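A.B. asks: For reference, the chains in residue letters:
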Amino acid sequence: MTVIRPSEDYLDQPFWTHLAAGTLHLSSCDDCGKAHHPPSPICPHCRSFNTGWKPASGRATLKSFTEVRHPVHTLLEPSVPYVVTLVELEEGVRMVSGLPPGHEAELRVGMALECTVIRHDPRFALPYFLPAPEAEQPDTA
Amino acid sequence: MKRPMGERMKTSIVGLGQTEFSKNSGRSELKLATEAILAALEDAGLEVDDIDGLVRYTWDHTSEATIVNALGIKALKYYGETEFGGVNCCGAVAQASAAIEAGLASCVVFYRALNARSGVRFGRGERVLEEVDGGLVTRQPEPPGDIYSAPFGLLVPGQHHALYAQAYAGHYGLDTEAMTEMLGAIAVTQRGYANGNPRALLHDRTLSMEEYRAGRVISTPLRIYDYCLETDGAMAMVIVSRERARSLGAKAVDVLAAGQHIFPGSVPMYLYAADTHSLAPEAVGRELFGKAGLSASDIDLAMIYDATSMMVPIALEDFGLIGRGEAHDFFTSGGHGPGGTLPVNTHGGLLSEGYFHGLNTIAEGVRQLRGESHNQVSAETALVTLRGASSMVLGRA
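Read top to bottom, the protein sequences are chains A and B.
So for the first sequence, this note's numbering puts the first residue at 1387; every next one is plus one.
So for the second sequence, this note's numbering puts the first residue at 45; every next one is plus one.
Derived from the structure by calculation, the hints contain no laboratory data.
Note that the structure is predicted; figures quoted are calculated from it, not measured.
A virtual CB, placed ideally from N, CA and C, is assigned to each residue, including glycine.
Heads up, some of the hints might be wrong.
Claimed, not checked - A few chain A residues that face chain B, going by a derived Cβ cut-off under 10 Å, partial list only:
no.	residue
1	T1388
2	D1398
3	P1425
4	I1428
5	F1451
6	R1455
7	H1456
8	V1458
9	H1459
10	T1471
11	M1481
12	V1482
13	R1494
14	C1501
15	H1506
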């Protein structure tokens, strides 16, 4: 099972060091308070350079997903099928995520998700999103 | 219902040139590019020394300097690049037209040459990944294959398109069968057009709905037949002022309006924008048609950049050519096919003619309006677009 890593120099950046420490943090504006992703040195909402990092609530909504069956690299042949997701966090930002390797779940667009950070090695962890408990799911009737 | 035409662009496409489309061209991209440019000039009745402008994609490997030196172009007075590849198929024409209208150049060639099948393939992860100590590493700052998406295995545009498709299905409540019916109707109809088009890579290969359904799933809900064909070859087109087009006596097609429109999250790949069941705000079509002095109902033909079949229904809805959520019924009833109310991708599209990064999408619009398509329909106007990021309206001269 091959998990693709960002190159080592990226792993020193706060997004990745927070994850390695076990929590998802979002690049956020200290002036207007809004989060943005991917991280940026300037807030795209109020154009302040006064940006920092805030822990995410971990609550999100599933916007789309796909089960990848065709491996686009020979080293990924043992990894397929795997599930990639597009999620919208409670903080208003979208992220690409997925189901953790070996994990199965019944997915539907609009369902509630919650974040679980899984460490692949001491410097590298990823934020995955799993379906929230049934009681927290939106009423689809 | 025609509006005042003062805002219309004042340029025309007067020449098309191309090499054959193939899986292995057997020659360099420079040779392909120069073959296509010479063919486009011949089609227009112009000479190499008439060229005073060049436009290309930043992703093209053959620089303007290389073309100037190879062809011995005596005086190039304008050259410009539009970012990415097919995202800017209409953006490059807009740029050429703007340069002509501003007096920077009088005869601009837009070219694209690529060995995208025999060389580095856009659909493979090798383009964005490195092997390090038996593992895979990304250094990409932006999608596709960037550090925030590649670790989850999202690596190539074809997987992004699967996300667009599932977002659309979820938004409109279409189940797997309904998506299969809609996407299959697009792939099968476009293959039928390709079977009538000798330029198409898949000219000799038919596709039935049964074969479509049996196709290998690449990334749910998309099957192998929902994907474009990586292709070797080159294309070029010649753009001049409308006034000069008329004096040339060339078989011109007019650029009525052309432009670009991107917004946060919509580029490089459409991942982080607020909606994914739609890929362009309605203002894009409204403004484009307004500049052309037309409305959506005046469009006779649609040439939609179909890197996957899913781009087609979303574009028709985004430009108001069909209503929101109507795509399934439109395509399953053959609205896009021969004799339909709005023929779409009558060359076979990127799915079945070849993946020529939008130049062949434009070329089919030009051929239709010249009356030279292999699947000719009666038409005065054509919309060309890549998900609204760049788009244009062509009109019969």
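A.B. asks: Tell me, in ascending order, the numbers of any earlier hints that this structure violates.
C.D. replies: 2, 4 and 14
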